[in-house]
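Throw the hints in and build the complete structure from the sequences for me.
Chains as they are written, first to last, in this note's numbering: chain A, 1 to 345; chain B, 1001 to 1327; chain C, 2001 to 2381.
Source of the hints: derived by calculation from the structure; they are not laboratory data.
All values reported here derive from a predicted model rather than from experimental measurement.
Yeah, the Cβ is synthetic: ideal placement off N, Cα and C, and Gly gets one too.
You may find that some hints are simply not true.
In the SDA-like style, the derived pairs of lysine to any residue whose C-alpha atoms are separated by at most 25 Å in a straight line are [unchecked claim]:
hint	chain 1	residue 1	chain 2	residue 2
1	A	60	B	1131
2	B	1242	A	109
3	B	1223	A	109
4	C	2070	C	2348
5	B	1242	A	59
6	C	2036	A	16
7	C	2076	C	2268
8	B	1223	C	2268
9	C	2070	C	2056
10	A	61	B	1007
11	A	210	A	73
12	B	1242	A	156
13	A	268	A	279
14	B	1223	A	18
15	B	1242	A	131
16	C	2041	B	1208
17	B	1223	B	1238
18	A	60	A	18
Have a look at the derived ranges for each label pair, beta carbon to beta carbon [said to hold, decoys possible]:
hint	chain 1	residue 1	chain 2	residue 2	range
19	B	1236	C	2038	36 to 46 Å
20	B	1222	A	142	30 to 40 Å
21	C	2038	B	1074	50 to 60 Å
22	A	335	B	1236	49 to 59 Å
23	A	264	C	2038	51 to 61 Å
24	C	2029	A	10	39 to 49 Å
25	A	75	B	1222	30 to 40 Å
26	B	1003	C	2205	46 to 56 Å
27	A	126	B	1139	15 to 25 Å
28	C	2205	B	1186	52 to 62 Å
Far from chain A by the CB rule (all over 12 Å, computed), these chain B residues [to be verified]:
hint	residue
29	1010
30	1239
31	1326
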Amino acid sequence: MPDVLLEVRNLSVHFPTRSGVVKAVDGLDLTLYRNKTMCVVGESGSGKSMTASAILQLLKKPGRIAGGEILFHHKNGRVVDLAKLKANSEEMRQIRGGHIAMIFQEPMTSMSPVHTIGDQVSEMILLHEKVSKAEAKARTIRLFGRVGIPDPEARYDIYPFMLSGGMRQRVMIAMALSCNPELLIADEPTTALDVTMQANVLGLMQEVQKEFGISIMLITHDFGVVAEVADDVSVMYLGRTVEQGEVHDIFRAPKHPYTRALLNSIPKLDAIPGHRLTQIEGMVPSPFNRPSGCPFQSRCPDRIADPCARECPELLDAGTSRARCYQYDPAYAALWQPALAEVAK
Amino acid sequence: MLMFVLRRLLSFAVMMVLISIAAFAIIQLPPGDFITTLAAGLERSGDVDTAQLEFLRQRFGLDQPIWVQYWRWISAIVFHGDFGYSFMWKKPVADLIWDQLGFTLIISIATLLFSWVISFPIGVYSAVRQYSWGDFLFTFIGFIGLAVPNFLLALILMYVGFQYFGQSVGGLYSPEFQDAAWSWGKFMDLLAHLWIPIIVIGASKTAELIRIMRANLLDELNKPYVTTARAKGMTEVRMLVKYPIRLALNPFVSTVGWVLPSLISGAVIASVVLNLPTVGPILLNSLQSQDMYLAGAFILLLSLLTLIGTLVSDILLAWLDPRIRLE
Amino acid sequence: MSTLASSATAAPIAVSPTSSDDSFEVASQWQLMWWKFTRHKIAVAAGVVILLLYFIAIFSEILAPTDPNKNAAAFKYIPPQGIHLFEDGTWNFSPHVHGFSFKTDPRSFRRTYVEDPAKIVPIGLFVAGEKYKMWGLFTWDVHLLAAVNKRDPFFLLGSDRLGRDNLSRIIHGTRVSMSIGLVGVSISLVLGLILGGISGYYGGRIDSAIQRLVEFLRSMPTIPLWMGLAAAIPLEWPPLYVYLIITALLSLIGWTSLAREVRGKVMALKGEDFVIAARLDGVKERKIITRQILPAFASHIIAVTTLAIPEMILAETALSFLGIGLQPPVVSWGVLLREAQNINTVATAPWLLWPGLFVVIAVLAFNFLGDGLRDAADPYS
Chain A
1 MPDVLLEVRN
11 LSVHFPTRSG
21 VVKAVDGLDL
31 TLYRNKTMCV
41 VGESGSGKSM
51 TASAILQLLK
61 KPGRIAGGEI
71 LFHHKNGRVV
81 DLAKLKANSE
91 EMRQIRGGHI
101 AMIFQEPMTS
111 MSPVHTIGDQ
121 VSEMILLHEK
131 VSKAEAKART
141 IRLFGRVGIP
151 DPEARYDIYP
161 FMLSGGMRQR
171 VMIAMALSCN
181 PELLIADEPT
191 TALDVTMQAN
201 VLGLMQEVQK
211 EFGISIMLIT
221 HDFGVVAEVA
231 DDVSVMYLGR
241 TVEQGEVHDI
251 FRAPKHPYTR
261 ALLNSIPKLD
271 AIPGHRLTQI
281 EGMVPSPFNR
291 PSGCPFQSRC
301 PDRIADPCAR
311 ECPELLDAGT
321 SRARCYQYDP
331 AYAALWQPAL
341 AEVAK
Chain B
1001 MLMFVLRRLL
1011 SFAVMMVLIS
1021 IAAFAIIQLP
1031 PGDFITTLAA
1041 GLERSGDVDT
1051 AQLEFLRQRF
1061 GLDQPIWVQY
1071 WRWISAIVFH
1081 GDFGYSFMWK
1091 KPVADLIWDQ
1101 LGFTLIISIA
1111 TLLFSWVISF
1121 PIGVYSAVRQ
1131 YSWGDFLFTF
1141 IGFIGLAVPN
1151 FLLALILMYV
1161 GFQYFGQSVG
1171 GLYSPEFQDA
1181 AWSWGKFMDL
1191 LAHLWIPIIV
1201 IGASKTAELI
1211 RIMRANLLDE
1221 LNKPYVTTAR
1231 AKGMTEVRML
1241 VKYPIRLALN
1251 PFVSTVGWVL
1261 PSLISGAVIA
1271 SVVLNLPTVG
1281 PILLNSLQSQ
1291 DMYLAGAFIL
1301 LLSLLTLIGT
1311 LVSDILLAWL
1321 DPRIRLE
Chain C
2001 MSTLASSATA
2011 APIAVSPTSS
2021 DDSFEVASQW
2031 QLMWWKFTRH
2041 KIAVAAGVVI
2051 LLLYFIAIFS
2061 EILAPTDPNK
2071 NAAAFKYIPP
2081 QGIHLFEDGT
2091 WNFSPHVHGF
2101 SFKTDPRSFR
2111 RTYVEDPAKI
2121 VPIGLFVAGE
2131 KYKMWGLFTW
2141 DVHLLAAVNK
2151 RDPFFLLGSD
2161 RLGRDNLSRI
2171 IHGTRVSMSI
2181 GLVGVSISLV
2191 LGLILGGISG
2201 YYGGRIDSAI
2211 QRLVEFLRSM
2221 PTIPLWMGLA
2231 AAIPLEWPPL
2241 YVYLIITALL
2251 SLIGWTSLAR
2261 EVRGKVMALK
2271 GEDFVIAARL
2281 DGVKERKIIT
2291 RQILPAFASH
2301 IIAVTTLAIP
2311 EMILAETALS
2321 FLGIGLQPPV
2331 VSWGVLLREA
2341 QNINTVATAP
2351 WLLWPGLFVV
2361 IAVLAFNFLG
2371 DGLRDAADPY
2381 S
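Here's what the structure looks like:
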């Protein structure tokens, strides 16, 4: 059994608006292991970024955690429920940056434009550790060197706008690593970069993961990225995890109809020329009137009205991975047998 | 930075030339040249000094083409500090203007500082506690402040002071200090009178600055770097001060550029009502009696003041914002 | 996250009026704006106030109890009179105000007015009073509310130093002050659209030239500049000329902020796909501007224009107050406030500050309306 670092259980994030409550995250389950990379995949609006913000209690108003647990396992075995901590409490602030660091999609706007990069990185060290300014500076320069910023000493005093996007993301990674966190949450870190930069930054993240011995939770909508870096994959749809498992199993044998549909919609090199990509039918339902029962049922090719329209199952053991679909519930599995037999033919 | 300052200084010089032309154009606007006007006035009072009129005509080159006239006027100002002659006061303009300009400057700058000191914390409060009762209250007061013309505010304050406190609110000194030499007492008396013009002139600008500060800070609070800073584990207050408030300060500082001109404008009107010894009353007077060299000198110098204000705010902004400084 | 947030607010707008799926498809941009605007209660109220003010401006002759320039030496500085609906002590309906008797202070010899309940001044609705020329077209004499006998004193908001009716003057001043905002803003708008549009669309040298001009005008202290220009207007000019010139002077500065707004919008829009598509299709430049770009930000322009009107009104008020704007016999709120310039006058006749209240209300209403319009101008956010 791998070593568990973070467990999210039945997490809900609600946004009260004038015309009703938006359930951005609705009963989410997620398990992260030490020294592993977990990719959280989903369409925009599926609640993946929201989950990341919720873990560090950084939700924008009026969003709030409406229920569930976020269990962080300290090295000494102590378990803290981050969902219960106050957003501005001392303990939460120690977790932020100290134990869980985060990097964001837009390296351009994620740093203050009027402070030097050195200042912004060494500030993090000074916040969490009792070291002198000179020492923090020396460590920052070492980190800059480590993440591949050329001439780090001279770069210490420059401003973010003087760096390219890829370099800025390297600074963000350096900042995230500065206090030796156990978990690095990366929210679409390569989306804003061009392709070569993406590969560089992803490569760097893999390197530092091994070197520093950290876990990474990578949020993305790009299966190419998933294939490259993930150990585990969690697929999200409308605020829920619909499937979770090891990356090879998910790619080889996706269990949930949504995962299958997603993988089918990706262009492949060995595709038959002229063959059209399959697209997922219908649209993502409005967060105001999500269907009762399984959130995917309105677009699901395998839907059977009863039970799918009635209720949504928990994550069920589907052999190689776990999926939230009645197909894998022994009580209902029989309903799908004829159809599956047909597919097999 | 040096390049930036040099470039700004260059455009400052160009602006100044343009403004001097505009001021000169205003001097020329009244129909007929002023010597004719003067002569007509003198005839009425019966003491025409033809020799003096001829001297003046020579002095300002009135028989010359217009650009020569402009050159004579501006070169006398630049090289000799000679702003021309006031026919109303029968004195060189240069002897008349400096006291009033000094007071205008003191009152405008005091008002600017007052507006900043008041609006900055209120703007920060309103943004950080958006939609709280305090925010609504300040927003409401702000709207009123925007809508009440400052001379009306002056009238109301004067009326209230007169009616309920039995004291006259106008002027900068109590009668006993009016002609007294400078002393500690006179200085304190000045301070005691100064707050009314400051409130009158500054009210609407303060209201506007509160709105600007609030909007700026709300903008900044939504930017990703705020989340980054929170994710570092900073305390909320420390985060606010170091990042969003610091950044919202930039556009706030750059407001000097246009707040100062409008404060000077406001001071002109309010001074007429409050009877303050600033440029206002004397400028109004000179315009009404078409004492154009006096009026032109004031317009020129007031414009110069506002240009200096803009220059200072631009340099301040560059100093605060590396994106401008290192561009 | 951003997509989620936008769908969260876009959805309720679409469903609020009928909540049927069709309305989502057919609601035009203007309809969406209207829905959004009507949710802004204060802005709607401000809009009603402004309509009311323009109503007063249009029908000022009828709404004013009397001729604004009719003076009566006997009724100097009369304080506002209260309306009594019934005959004293009985329930006989007979609306009236009380007349005055004079009392001379034996020591200072100052004449003061004392309300005299014995003197009844009957008033009525739609009574024939002072004759006037309606809109300069035909002569009429009906007033909405006036003293039945036109020689009787009837001063709901008091009278001024020449015994003129304050209320009638304010009502007529409304016409001038409110229209100067409109006329001035129209001139600013034309200038701002043309210069801002050219600046934003063509860019380059023309742009920087126009931008320098804008910067130049904005860095001048406006009041001294206006004062200088306004003072140059010959005193013997007819009032209408002065009115037009003053309006033009105010627009001279006012257009700069509109031009900036237009420039920014045009610059942003000219890179948009639909504009580029039009250009690739070989559509003429002028047509691109008038057919593609202008409609795309008309709503913003309306909002910005609304916010520019109060500035005009304030500027006119200030100039007239100083005596270098509009000149009597034209009445505007600023001209009226000039009567209250002296503290002694204000102390004797505080009701002369009433026009100030109208200024404040008008400026507030325009600001609230403009804010509401600006929010509504972007119906998808």
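Quick check: which numbered hints come out false for this structure? 7, 10, 23, 26, 27, 30, 31
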